[in-house]
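What follows is each chain in one-letter form.
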Amino acid sequence: VFLRDLLGAILLAGVAAAAYRRFVARPPRRPTSGADTYAIVLLAVIGLSGILLGAAKIGSYSSFRSMVDTYAAPADAAPLEAYWVARMGTVSAAPHRPELVERGRELHEAACAACHASPRAAFVVDAVAAVLRPVSLRLDAAGGARVLWVIHFYACIVGLALLPFTKMFHLVATPISLLAAAAGDRRTADPANAATLRALHLDACTHCCACSVHCSMAVASDVYGNANVLPSEKMAALRSLRSGRALEAGELRAVQDGVCLCTSCERCTVACPSGIDLVGLWASAKEALLARGEPAYALLSPLSLRRGLSSDRLEPAAYRAAVERPRQAIASHFGTAALADRTVALQAGNGRLLAALGASSRTGGAGSCFGCKTCTTACPVVREHAEPQQALGLLPHQVVYSARLGLEGLVLGSRMLWDCLGCYQCQELCPQGVGVTDVMYQLKNVAIAQAAGLAGADRPAAAPARGGRAA
Amino acid sequence: MNQVAVMRCCATAPLLEQYEAATDSLLSSLGFGIVELDLGCCGYPLRNSRFEGWVRSSARNLALAERAKLDLVTVCSCCFGSLKQVDHLLRTDDALRAETNRAMEGERLTCSGTARVRHLLEVLRDDVGLARLEERRTRSLAGLRIACHYGCHLLRPSAVLKLDDATSPSLLDDVVRATGAQSVPWGAQLDCCGSPVAGVNDELARHLAERKLASARDAGADAMCVVCPYCWLQLDVVRRTLAGRGEPALPVVLVHQLVGASLGIAPEAMGMAPDALPLPAARQGGNGARHG
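Chains A and B, in that order, give the protein sequences.
Residue numbering for the first sequence follows the numbering used here, beginning at 1 and increasing consecutively.
Residue numbering for the second sequence follows the numbering used here, beginning at 1 and increasing consecutively.
Derived from the structure by calculation, the hints contain no laboratory data.
One or more hints might be untrue.
Derived coverage of chain A by chain B (criterion: at least 3 residues anywhere in the stretch with Cβ under 8 angstroms from a Cβ of chain B; other residues may be distant) [unchecked claim]:
(1) 218-232
(2) 293-303
(3) 307-313
This structure is a prediction, so every number in the text was calculated from the model and none was measured.
We treat Cβ as the ideally placed atom computed from N, Cα and C, and that holds for glycine.
Next up, chain A with everything else stripped away, as it sits in the complex (with noise of 0.2 angstroms):
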C-alpha cells in the first residue's frame, strides 16, 4: 500500500512538472502536440482518479456496511463500527460509541485485519480520505467510489488499449532504443539492421524536445516559418509517413524542406535520451522525398555538401536529378529559355530589383556599377570555362549591370548565381566599391523566392521581346 501510494506520487508529479513545461513554462523550441496533450491527460486521469478512488473507499460507510454485512454476525456491527470509524478512516453518519472501540479491535484484528491494513501507510490516500472527511457521507450517498472506479478502471483501459498506436509506445521502443545505441555503433551496422532500427526509432521518441533545444538549424525554423525544421516535429511528420497517412503537398512539401534545411550537425542525435540516430532518418527520409521531383530549393546552398560527401551511396541518376531540379525550376521560372538569341527588352522604370539592391545596406549599393568587367576578370568559376557566358548564362559585371538596369528575368534566371562561391573575389576588387558577392547573394534570395512561389515575392515582367540589347 505505501510502495502503491509512493509511485502514484512520483508519477502525478511527474505529470505535473510536465504540465508546468508544456503548458506554463512554454520554453521556446519545445513546442507542445496533441500527442503530448494526450499523454499527459491520461495520466493524470489515472492518477488522480486512483488516489480519490481510494481516499473514497477508505471514508466510504457503504462498503464498510456491506462488507460487515457479509461477513459479520449482526451483534458484532457496531463494536466494528466503532473501531474502524476510530482507527480506518471510515465515516459514520451515527454518533461514535469509545467504549465498544476495544473489543471492535479484538473483532477486527480475528477476522478483518488479514485483508484491510491500516490506512496510514497509504500515506497519500489517507491524507486525501482527511481531507474528504466532511463531505464524505454525501460522497457516498452519491456513489462516490462507484464513479471514480469506473473512470479509473476505463483510463486504465483506454491507455493499455491504445498504447501501441501512441506516444506511449515509448515506454516499450525506448529501452530497445537505448540497447541497440548502446550495443552497435550505427556507422557500421548493417543495413537491413539500419532499417529496423530506424523503424523502431520513430516509436522511441517521447517528444520531449531535447533535440530541437539544441537544433543548430532552429533560427530557421522561426525564419522559415516551418516547424519541420526542428527535429522533434521532423518525428512527427515522419511518423504520419509511416503509417501511410496521405499528407497534403503543401505539408509534403515543408517536411522536405525541413529535413534539407538540416546542417547534419548530429547535434539532436547527440542531445537524444532515448539513443535515436535522428541525422540517419533524416538522411534516409531525404532521398525518399526528394525523389517525389518536388524542387528543394535548400539544395542550392552549402547544405548539400554532406550529401554530396555520401554521393556514392546514392543512385547517380536520383543524386544529380534532385540538385539540378531547383536549377531548372529557377530557370524555367524566369524563362531562361527564351533568351537564346540574347537579346532582351529594356522596360522603362522597372527599377524594383536595383531598388531591392541598391538602398540596401546588404549589397553596398549596385548603382554605382560602370561595368569595368574587374568582377568578371576576377572571378574563378568564370577562368573555369572556355566560353563562361554560355555556360553561366551572364558574367558577374553582366548580373550586376542588367540588375541597374532592372532585368529581372534576365539576371534571375542566370546560372551564374548558382555557381557563385560567394569568395568575395570580385567584391575586393571592385574600384567603385560594388558589394558585388552581396548582390549575389541578393539575387539568389529573391530567385528562390519568386520560383518557390513565396509571400511577398512577385513574378517579374513578363518575359522580354526583342529590343533593346543588354550589357
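Go by the hints and put chain B onto chain A.
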C-alpha cells in the same frame, strides 16, 4: 585563466572530430579555458536562400557570447566570415538590428554590439604572440614545406573582416613559420577550395580543388595547410580520390595540428595519426630540438 567561447562549426562535430580535438588541446595548452555556450549554426548555409536566416543565426550566437561576456573564437573561416559580417551589419544598420533583436525577445537575447568575434589565428597572433609560440616550441617542424591555403572567408571582404591584408596576407605564413616549418610561395593561396558548390556542382567543386592541389605540388610543397573545415573536407575528399586513382596528391593538414605538434602536444590528443605530418625522414631524428 583566460576564458573563451569556442564556436563549433556544424561540419566539424560529425565529420572532423580531430578538428575539435586539435582546437581544444591547443587552446588549453596555451592557457585558455573553453566555455561551451550551446551555440547554433552561423547561418552561412542559409545565405543563398534567406538573408534573414543568415543574419538571425549569427546574431543569436553573438547575443549568447555577449550575454556570457566572452570572446567568440572561431576556427572555421565561414563561421568567422558570417559572424563578423553580421556583427558589422547589426552595428551599422539600426533597422536591421532592431528587427533582429525583436525576433530574439522570446529567448531574452539581444545584440548590442559588444561581442567580439575572433579567429584562432588572431588569438595566436595578438593574445599569445608568435614570438612566444616560437619560444614555447618543443619540436621543430623544420624541413616541412607547407603551402598555406588562406581561402576566402578568412580574409574577404577585408573591409569588414580586417584580419589581414587581403591581397598579400602573411598571418598564416607567419604562424606556420613559428612551428619551424617553411612556407613555400605559390600562386593559388587566395583561391576558393570549391566547397561552396560541393554537392551542387560537383564538377566545378572538384576542378577548383584539383587545381589548388596541383598548384601547391608544383610549388614544391610537402603538404597544404588549411584553416577552415569546409576547405579541409573539400581538399581532403579530392586528395583521396586522386590518391585512389594512383595520381600524386598532397596531404592536407590543419593549422592547429601543425602548431600543436610544434608545442609538443601528443598527436592522439589532436586526433592525428602519429605519422600524419609528412616530415622528411632525415629530419625525424631531430624531433625535440628547440631550433630547426
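Cross-check of the supplied hints:
With a cut-off of 8 angstroms between beta carbons, the segment 218-232 of chain A has 6 residues touching chain B; three or more are needed, and the interface restraint holds. With 7 residues bearing a CB less than 8 angstroms from a CB of chain B, the segment 293-303 of chain A meets the requirement of three and the coverage assertion stands. By the rule of at least three residues with a Cβ nearer than 8 angstroms to a Cβ of chain B, the coverage given for the segment 307-313 of chain A holds, with 4 such residues.
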